[in-house]
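Between the sequences and the hints, there should be enough to build the whole structure, so can you do that?
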Amino acid sequence: MGLFILRRLGVMLLTALCLTFIVFWLTNLYPNLEKLAKTQGNFRMSDEAVESYLANRGYLQPMPVKFGQWLGVLPGWTNEKDGEVTGRCFDAGTPEEQRDTFCGVLQGDWGRSTVFKDDVGALVATRLGLTGKLMFFVMLVMVPSALVLGVLAGMREGSATDRTLSTFSIASTATPEYVSGVIFIAVFASSAFGLKWFKGSATSAMESVSFENFTLPVITIALYGMGYIARMTRASMTEVMTAQYIRTARLKGVKFSNIVLKHALRNALIAPFTVIMLQFPWLLNGVVIVETLFNYKGFGWLLVAAASNNDIELLLAVSVVSVVVVLVTQLISDIGYVYLNPRIRIS
Amino acid sequence: MEPLNWGEILLRMFIQLIPVWIALTVLFVVSFTYKRRLGLYGKLFDSTIGMIGFFLVMFWVFTGVMGGPMDMLVTHDALSQVSGMKNELPGEPLAGAEAGEYPFYLLGGDNLARDVFSRLIKGAWVVVQIAPVATLFAFMVGITLGLPAGYYGGRLDTSLSFLANLILAFPVILLFYLLVTPEIVLTGIPNYMALFLFIFPLIFMLILLNSRYHTQPKVRTPLLIAVMLGMGWLYLSLVSTNGSVVATPTYAIPGLPEFLDLFDIDPGILVVFVSVVFVNSPTVFRIVRGLAMDIKTRDYVAAAQTRGEGPWYIMLWEILPNARGPLIVDFCLRIGYTTILLGTLGFFGLGLESESPDWGSTINAGRRLLALYPHAAIAPAIALLTLVLGLNLLADGLREESLRD
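Top to bottom, those sequences are chains A and B.
Note that my numbering has the first sequence beginning at 1, numbered continuously upward.
Note that my numbering has the second sequence beginning at 1001, numbered continuously upward.
Quick caveat, the hints were computed from the structure, so don't treat them as lab data.
Treat the hints with caution; some may be incorrect.
Lysine to aspartate or glutamate pairs mimicking DMTMM-like chemistry, simulated, CA-CA at most 20 Å apart [stated by the list, open to error]:
no. : chain 1 : residue 1 : chain 2 : residue 2
1   : A       : Lys35     : A       : Asp47
2   : A       : Lys38     : B       : Glu1183
3   : A       : Lys35     : B       : Glu1183
4   : A       : Lys297    : A       : Glu212
5   : A       : Lys262    : A       : Glu157
6   : B       : Lys1043   : B       : Glu1400
Partial list, derived from the structure: chain A residues whose beta carbon lies under 8 Å from chain B [stated by the list, open to error]:
no. : residue
7   : Leu17
8   : Leu19
9   : Ala307
10  : Ser308
If you want the footprint, here are the derived chain A segments under chain B, 3+ residues with CB under 8 Å [stated by the list, open to error]:
no. : segment
11  : 24 to 33
12  : 125 to 139
13  : 172 to 182
14  : 187 to 196
15  : 285 to 297
Yeah, the Cβ is synthetic: ideal placement off N, Cα and C, and Gly gets one too.
Spelled out as structure tokens, the structure:
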């Protein structure tokens, strides 16, 4: 088991490194840099001005060198011009002995955002906290209701309950967040239908969560993920319900509710656990859409802001975080599956 | 003129869509009559869920085809703006209508005073055009790479799976932002990706035919040459625009000369197409790989190996036909997922032009005024919902029917 985890961690590290390099390469292509220079400096810059702007800020070094500096394995660039020394790792006025040579991710320095004029590490941390709040409520709504739906549908395969609930879960997987979100806002928050129960914007939920401002975003994300988990739960429940030991229990005369709750449920919940863990990366997508739609300035909103402005260092940090989330949830779901399933654990 | 009430709006929409109803009726009557002779497709008509799904899907397919290239169902031009119709509610009469013009905006006007109903129908064509073809390309890539990965295993499998997981670990939206922005398009990266991804159907067909007929060189050689020329021409027409396959401000790689070029793809659509194929193919790869690993242990594969069949023959003519059930079901689901992805791209204003009538862009444009005039965003939202729902129900019906025997 230890070796398995260690190997998985190694592959994870390699994957993260490759992905960040791809993001780094794509964001550092010359047209992107040119756009960055023009948005940061002046839109009517000449080509030479763009060139010198980029050169002064170390953008025109070879790609692997820049990547090494960002990682913190190569010394940061320094630039001497008219007797004044500028560099990646220190501000203009820093005395020579206090200047750092290395500053990169390994040293804990994620760089500066060019859009928000702020430290990337702090920025990502606060936004992640806000998204964490959203995700917490989503999980709170999504997981129990999906499991209940799946268990109820899978209890008696082919019954009318099963048909209705299965169709509902298919419908919920067919409704992407930007569709359900738009419909929810129109029905529950617009003046056109007159039902002004909730708010169509979740901006105020960043300070204080209330039923009014957080219901719609949470429901919107939960609905899309719910159908899939419910279908997986149903599949695993129907499989368990045809097992020999359930038949034995029925023949012994155990009450149906007891069979479901005590005998079947525990085994039926192993498969959905994996699915729930693997939903995290999917939820990340939903989070981006919903945060944009409801103007909730969390991690997904930050991703869109960073990507549309080519804010290189912020975008890199955002992608590192999301890639790590994906890989860690995969790892946990593998380990958890082995742990929960005695057949695999013992062999 | 008085604005229409909802009953009249629905009636008028029904009348406007009469060609679609006729086509659907013909299709269903014919399929129902001959359902016993039509294999899996015919069996679909035994399941209610499957039929409902098929109905929804075909409704949008007919609407897209008739409204798009045939220009039938629409009431107004999807791009022209009529003064005085900005954000008008559904059923509002056309301001200053002339004789011969359709006198109403059936589903109202959007914030640029264009007809929502006509844009909806034109948008169906964008989806019907891109989603199935993009899914097909993703399947070609996934099958061509997934079969050997599952069949051979070993180092090939490890490296291909690593690459697939690499793409899958990317959040889709970040990937879209990185690939579809105008700056990246300038560097020609999407064109290189198109060159790479679109060659797979050609490779697939060549291997498929070669593995079958390589024992009969007299049939094989002319067949392969014909396929190579035909599909090669299509491939080059697809990837080259204005005589070059990659054109950046600094250099250009020449492709098919313009007089031989069969069709030109709009660069915006090409980029969207490439990125959707790119995102979908790793998942298909994983499914095919899993199926191949499962099926290669069967007796008929061992029999083929004992007969001395080549590995590609076994993969394409023994394993692939036996994996068709799950693949067909996944194909339907994946078209739905591709539709959702296209909508996501439109929702973030990526790829397609902002005036494009596709559903995602329309939702994006309409959501700013959602609190006051929701109709402009709700109409495409419901359209997208019904299409994807139809595809999911269709997949469910197919799965049920294919499991039955």
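Cross-check of the supplied hints:
Between Lys35(A) and Asp47(A), the direct Cα distance comes to roughly 11 Å. Compliance with the 20 Å bound is thereby established for this hinted pair. For the hint linking Lys38(A) to Glu1183(B), the alpha-carbon distance of about 13 Å falls within 20 Å, and the restraint holds. The straight-line distance between the Cα atoms of Lys35(A) and Glu1183(B) is roughly 8 Å, inside the 20 Å bound, and the hint therefore holds. For the hint linking Lys297(A) to Glu212(A), the alpha-carbon distance of about 17 Å falls within 20 Å, and the restraint holds.
A hinted pair counts as satisfied when its Cα atoms are at most 20 Å apart, and Lys262(A) with Glu157(A) qualifies at roughly 19 Å. Only pairs whose Cα atoms come within 20 Å are accepted, and Lys1043(B) paired with Glu1400(B) is accepted, the gap being roughly 10 Å. Below 8 Å, beta-carbon pairs count as interface contacts, and Leu17(A) has none with chain B, the closest being about 10 Å; its hint is therefore violated. Because the beta carbon of Leu19(A) sits about 6 Å from the nearest beta carbon in chain B, less than 8 Å, this interface hint is met.
At about 4 Å, the closest approach between the beta carbon of Ala307(A) and any beta carbon in chain B falls short of 8 Å, and the interface hint on this residue holds. Look at Ser308(A): its Cβ gets to within about 7 Å of chain B, closer than 8 Å, so that hint holds up. For the segment 24 to 33 of chain A, the stated coverage by chain B is satisfied: 6 residues place a CB nearer than 8 Å to a CB of that chain, which reaches the threshold of 3. Counting residues of the segment 125 to 139 of chain A whose C-beta lies closer than 8 Å to any C-beta of chain B gives 0; at least three are required, and the coverage claim is violated.
With a threshold of 8 Å between beta carbons, the proposed coverage of the segment 172 to 182 of chain A by chain B holds, since 7 of its residues qualify and at least three are required. By the rule of at least three residues with a Cβ nearer than 8 Å to a Cβ of chain B, the coverage given for the segment 187 to 196 of chain A holds, with 5 such residues. With 5 residues bearing a CB less than 8 Å from a CB of chain B, the segment 285 to 297 of chain A meets the requirement of three and the coverage assertion stands.
Checked against the numbered hints above, the structure breaks hints 7 and 12 and satisfies the rest.
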